[in-house]
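Number of protein chains: 2
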Amino acid sequence: MNAPRSPCPISNALDLLGDRWTLLVVRDLFVGKRTYGEFQRSPEGIPTNILADRLKRLEKQGLIDRTPYQDRPIRYRYSLTEKGLALRPVLYAIAEWGLNWMPETEARMALLTDEELR
Amino acid sequence: MNAPRSPCPISNALDLLGDRWTLLVVRDLFVGKRTYGEFQRSPEGIPTNILADRLKRLEKQGLIDRTPYQDRPIRYRYSLTEKGLALRPVLYAIAEWGLNWMPETEARMALLTDEELR
Numbered sequence: 001m002n003a004p005r006s007p008c009p010i011s012n013a014l015d016l017l018g019d020r021w022t023l024l025v026v027r028d029l030f031v032g033k034r035t036y037g038e039f040q041r042s043p044e045g046i047p048t049n050i051l052a053d054r055l056k057r058l059e060k061q062g063l064i065d066r067t068p069y070q071d072r073p074i075r076y077r078y079s080l081t082e083k084g085l086a087l088r089p090v091l092y093a094i095a096e097w098g099l100n101w102m103p104e105t106e107a108r109m110a111l112l113t114d115e116e117l118r
Numbered sequence: 119m120n121a122p123r124s125p126c127p128i129s130n131a132l133d134l135l136g137d138r139w140t141l142l143v144v145r146d147l148f149v150g151k152r153t154y155g156e157f158q159r160s161p162e163g164i165p166t167n168i169l170a171d172r173l174k175r176l177e178k179q180g181l182i183d184r185t186p187y188q189d190r191p192i193r194y195r196y197s198l199t200e201k202g203l204a205l206r207p208v209l210y211a212i213a214e215w216g217l218n219w220m221p222e223t224e225a226r227m228a229l230l231t232d233e234e235l236r
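Residue numbers (my numbering), protein chains in the order written: chain Z, 1 to 118; chain A, 119 to 236.
Keep in mind the hints are simulated off the structure, nothing from the lab. If a hint is listed, it holds; no wrong ones were tucked in.
List time: in silico SDA-like cross-link candidates among lysine to any residue, alpha-carbon distance up to 25 Å: (1) A/K174 x Z/E96; (2) Z/K56 x A/D133; (3) A/K178 x Z/P103.
Sample of chain A residues facing chain Z (criterion: CB under 7 Å; computed from the structure): (4) R138; (5) R145; (6) K201; (7) A204.
All C-beta atoms, glycine included, are put in the ideal place defined by N, C-alpha and C.
Bound conformation, chain Z alone:
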């Protein structure tokens, strides 16, 4: 990331989260998806290069951890850290606004609890 644009917490959070894809990957982690393939099969169809970039950034910023689960080729399982789990109220607020104000939307997935995700 570049230098922060201001000390504003909203501005700083948006430097990290403010794009069309990052919070969708976080949403996927909250519904229990763990692997590259699972993220790619989400209905929005995230392009593979964007997915790789966002996972790298989220890990670098401490929102997710990765653990290898297979060698040759090496594959990783991703999970939310405490910093990532703390985004739950952000996702709920965005989902509620979407459900209330965008009539074509509907909730088809439920976020898992922190206990289920740890």
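Dock chain A against chain Z, hints included.
Using the frame of chain Z, we list chain A on its own:
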């Protein structure tokens, strides 16, 4: 906007709000800023073409209204609609996450109440 990527309320909301600037303009409206010049003087230094584009999109999507306050050249004052005011919990959630998890941030502005903004 293009066709929605999925019926997910988070995905749809991010189609509209998911970029580095849109929610900063919404934040500015929540702290009482009203004019093009006021938005531009915010510390993040929004580029003028991006500001014009985001105001147009927010108006088209029904989150803000504009009222002329000067002729030759015509100038507008912007304000949040009910749909825009309903983003308050989103801003609070993002601000709280930033304050808790990004140590270099600090809250220097307070959002006005809905009554003060109407």
